[in-house]
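> Chains E and Z, in that order, are what the protein sequence lines are. Residues 1 to 112 in my numbering are what the first sequence spells out, letter by letter. Residues 1 to 112 in my numbering are what the second sequence spells out, letter by letter.
Don't take every hint at face value.
To be verified - Restricting the straight-line Cα-Cα distance to at most 27 Å, the calculated cross-link-like pairs of lysine-lysine (BS3-like) are:
hint : chain 1 : residue 1 : chain 2 : residue 2
1    : E       : K99       : Z       : K9
2    : Z       : K57       : E       : K99
3    : E       : K70       : E       : K57
As the list claims (entries may be wrong) - Reference listing, derived: stretches of chain Z covered by chain E, where coverage requires no fewer than 3 residues with Cβ under 8 Å from a Cβ of chain E:
hint : segment
4    : 35–43
5    : 48–61
6    : 69–82
Read the hints as simulated data drawn from the structure, not as lab findings. Where is the CB? At the ideal position from N, CA and C, for every residue including glycine.
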Amino acid sequence: TQLLEQSPQFLSIQEGENLTVYCNSSSVFSSLQWYRQEPGEGPVLLVTVVTGGEVKKLKRLTFQFGDARKDSSLHITAAQTGDTGLYLCAGYNAGNNRKLIWGLGTSLAVNP
Amino acid sequence: NAGVTQTPKFQVLKTGQSMTLQCAQDMNHNSMYWYRQDPGMGLRLIYYSASEGTTDKGEVPNGYNVSRLNKREFSLRLESAAPSQTSVYFCASLLQGRTPLHFGNGTRLTVT
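Full structure from sequences and hints, please.
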């Protein structure tokens, strides 16, 4: 059972467009992380959200943690070709700090 | 500033052969992890070591063994490789608790 559902699975857009990636669950998470993975490399952390309703910004990327801590979103404004990659969400279930639960990822292609 | 170093980067094995994947981190992290990443399956935890001297099974441990040699090094051994073990293997480490995972750049393994 996949506890973190990411959507969409694939996304292909033109440079300059906006996009949103979603990470949803029926379970409560004590924290949620977003990673980006480029081809041939390991995932790299973008942000961690901890508090329900929290919004964090990283340049053109905006991350939001749902009020109930069951979902999160990543919004990219004016996408650039350098944003191309696999975006992964991962979270710790409330009460379990040992193992991250991973979404399957959203593969983003930003075309020039 | 190496972070997490994995060797080798690529490996081709015949069915039944054995090999050890090496991982070392220089960040004085307590916990280390081995994941495999397959298309459509996401990142799946094979084994982890919460601290030096301890190891535990993850979601998909069958066919693998691990050794936490010291605080820096965590190796993954395939005793008798099978085609189903064709995958990209990632080693990761974290300091403690819910701090971010730091990944190596992966080992691409093909078993024929």
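> Give a verdict on every hint.
Hints, verified against the model:
1. K99/E <-> K9/Z: 25 Å, holds
2. K57/Z <-> K99/E: Given pair K57/Z, K99/E holds - Cα atoms ~11 Å apart, limit 27 Å.
3. K70/E <-> K57/E: 20 Å, holds
4. 35–43: It holds: at least three residues are needed, and the segment 35–43 of chain Z offers 4 whose Cβ sits within less than 8 Å of chain E.
5. 48–61: holds (count 3)
6. 69–82: violated (count 0)
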